[in-house]
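Q: Each chain is listed here by its residues.
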Amino acid sequence: MALSDESNAELLELLELLREERATQEQVGRIEAIVLADAAAMHIYMRYMAMTASLRHRLQGLPGLVESAVGHRLDEGAAKGAAGVGAVQNRRPWRWVAGGLAMAAALGLVAVLWSNRSGPRPAAETTISLSQVTGDVRIITDDGVSQPAGPAATLRSGGTVKTIGAGSSVVLNYEDGTRLALVNDSSVTCVTNGRKSVVLHEGIISAQVAPQPAGKPLILTTPATKIEVLGTQFALAASMDRTELNVSQGRVRLTRVSDGQTVEVAQGQGVVTNGEATMTVHEAAGAGETWSQDFEAGLPKGWVGAFVTEGLAGGSKGAVQAVRETSGDHIIYITASRHHWVDGLFTIHDDSHLHITFKMQRPDWLNVFFSTRGADATNPTWALHIFNEVPYWPPKPGEWRTVTIPLSKFRRKRDGVFRNEPPVLGEAAYSVSVSAVEPDRGLVIDRIWVTRGGPGAVKAEVLP
Amino acid sequence: MGIDPSEFVKLFIRHERRILAYLVTVLGSASEAEDVMQQTCVVLWTKFDEFEAGSDFAAWAIRTAYLTARNHLRAKSRSRVRFSQAMFEAAAERAATRHAEADAVHDALGACLEKLPAEDREIIRHRYELDASVQAMAGQFNKSVHAVYRALARVHGALLRCVNTRLAAEE
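Which chain is which? The protein sequence lines are A and B, in order.
Final position of the first sequence in the working numbering is 475; the numbers increase by one with none missing.
Final position of the second sequence in the working numbering is 176; the numbers increase by one with none missing.
Derived by calculation from the structure, the hints in this document are not laboratory data.
What you were told as hints is all true, and nothing was included just to trick you.
Straight line, CA to CA, 27 Å or less: simulated DSS-like cross-link-like pairs of lysine-lysine: (1) A:K328 with B:K148; (2) A:K237 with A:K312; (3) A:K237 with B:K52; (4) B:K15 with A:K237.
Part of the chain A face toward chain B, derived, beta carbon under 8 Å: (5) L29; (6) M62; (7) L70; (8) S157.
What you are looking at is a predicted structure, and each value in this text was computed from that prediction instead of being measured.
Built from N, CA and C at the ideal position, the CB exists for glycine as well.
Only chain B is shown next, with the shape it has when bound in the complex:
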C-alpha cells in the first residue's frame, strides 16, 4: 500500500514552526537552520514509511532534526563561527523537551507585534517580511548601519519583554 503524501504534508505543516524554532535554537543561526530544515524535511519524507500513524510526529521530527543538525555540524566548514558540542547538546536537550513552547511564543508574538509603534513595526517588516539587509535599511531609513543595528536590537528587546510578560501572565 502506498504512502499518502497529503498526510505527510499536513503533519509537517502543523509542526514546522516547532521544528524551525528547535533548529534555530540548537544551531544559533536562522539561515543555517533553514538549510537544515530543508534536509530534515527530505529525510522525514524518505523515512515517513517508518513513522507509526497516530504516534507523536513532533517528537519524531525533532529527533530527526537533531540528527540532521548534528550531521550538518560535523560536515560544516571550520571557517564559520559555531557553538561547541556542549552548547549544541545542552540546547538540543532543553529545546526537545520544550518544543511546544514555540507555539506559545508564536501566539504571544502576534499580539506583541500589534502593539509595536508604527515605526518599529516598519523596522521589523523590512528586516523580516521584505528580507531587507541592514545596509539596505540604512539607505531606506536614512540612518547609519550602526543605527539600524541599534534599532533592531531595541525592537527585539521590546518584543522579548512583551512575549515574556504575556507568557508569564498565562502561566
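Only chain A is shown next, with the shape it has when bound in the complex:
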C-alpha cells in the first residue's frame, strides 16, 4: 500500500489547508478525489485526522472537566483508568480548563438534564417563544435534529437555539417576562424544570431577567463560569476561554468553574474571566466617545485579519491585512473587530468621525461597516451601517492614504435595505469591519480610529 511521493505531498498540503479551515470547496473536492480513489490515501487521511484530533485532545485537554462539571468526584483509581494511557501530565491548569470548556458546558447541561430526569416533572412543560428572528437562526432539539427557526417558533425545555453569522439575532421570551437576546454566532440550551437553566455554549447574550422565585435563581452556565441570577439585567459574552459580564441592573453571583472562585457583580460593574489567577470586578464604563486601534502591539484578541510588520507606513510597527472570508454567496477580503457587544467600541455623536489609514496593492472601492446596539448592552436591538461611496476610493497601488468619514455619512440598514438614514445618536458601536469583494485587493490597514470633531465631510489625504 503506497502513494506516490507527489500525491502524498499534494494530499498533505491539502490536509494542512483543511486543518486550518482555509481550504476552498474546490480543494476539499480534490482531497475527496484523492482519498476516495486510493486506499493508501484514505489511510493517510485517517492517520492525519486522528493525529490532529489527538493533538487537540492531548494539549488542550478534555478529561477531568467532565467529572467536575457533573459534580461527581470519581475515585482516583477510576479517574486514572478513565484518563487512559497518555494522559497529559504537565498540562497548565488554566489551559487544561479552557480546553475542556466546551465539554464542561455540554456536561453542565447533562447535569441539568439529569436533575430534569430524576426530579418531579412540572405539570405543564414551559415553552419559550422566539421573536425578532433575524438572519440564520436554528433550533436544535434535544435529540439533535436541527431546523430553521420561523418567526413564531417556540423552544421546548432541553432545546438549543443557535444564531449563525454576523447580523443574526433572536430574542427568547419566557412566560414570566424574562428575555434573552442572542446576537451573531451564539448558541444556548434552555431547560426549565421548576427553575430556569441556560447553558451559553458560546457567543453573546443580553438578558433581562424577571424576578425569580426565592431559592430558585436562574442558572446561566458558560464554558468557564456559572452565574446565578435572581432578577437583573446584564450582558454576557462567552468563548472557550473567556467570559465577559457587565451588569446594568441588579446583582449577579459569578463562579469560575475551574477553581470555584466566586464574585458578586453589582449594577454598573463588570468582570472578565480569562485564566488570570484572580477575578477582579471593575467599573463597567461602557463604550467611550472615541476609539483607536493602531496594531502597534499586534492584533487585539478576536480581531479578524493577519498581522503584518513589513511595508508599513512611516514609523509604524504593525498593521492588519484583510483575509479571505465567505459572506453569503460572496468571497470577501475583510478585517474586522467583532467582539465588543458587552463593552462597546464607541458611542455615536453628531460630530463623530471615523478615520482609516490604509493602502491597497490592487485598488478598488471598499465597504466600511459598523454595527450598533442600544446604549445599554442589555437592550437587544442592533443595526448595521455602511459607507461605500465610490469617489473616495481607491488610492494608487501601494499608496498610504487616510480617509476621514463623518459617521453621519454612513447609511443605516432597515428592513433589509441600506437607506439614507444616519446612525442613531447615543447608540454604541460593537463591531467595525473594512472589506473588499473578491479578488484579493491587498488591503492593509495601519490605523483605524474614531474622534469627536472633524471636517464634517469625507476627506482623503495621501501620506508622505
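Dock chain B against chain A, hints included.
A: Coordinates of chain B only, in the frame set by chain A:
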C-alpha cells in the same frame, strides 16, 4: 431505579478520544467536530438509559456520533465548504471500524512529541496548547503568516512520519 451519572462520566471519558477522532475524520474540521462532540455528549446522556450495561459503549457512542454528525451536516449552512455525502459516508465507515486506532495514534504521538526539536515543540505548543492563531504566532515568532503555515505543515509532516514509523514497528 435512577441512572448513575458517574458511570456515564467514566465511560464517556474513557472513550472521548476515539469519539473526537472519529468526528474530526468524518467532518474534516476540528472546530466543527468539537461542536458535534458537545451535541453527541448530550444525546448520549439523554439516551443513556437505553445503553445496555456491559455492552460496547464505544461502538454505541460512535454510532450516535455518526447520526449527530449527519443531522449537523443536513442543517449546516451552504456557505461553508464541506465534504460530499460520499466522502462523509466512506470516512464514517472506515473510521467506525478502526476507531481503536485513535488510541494507538495518541500513544505514538506522545513519544513523537518528545522527540521534536525544541523550536518545533514551541510551534505545536502555541498552536494547540495556547490555541494561538497563526497571525498571533507570526507576531510572536517574528515570521510572516505564510512562514508560520509552512512551519506548521513541516512539523505536522514530521509528526505523521514518526507516528507511522512507530505504529508500523508495532504492527
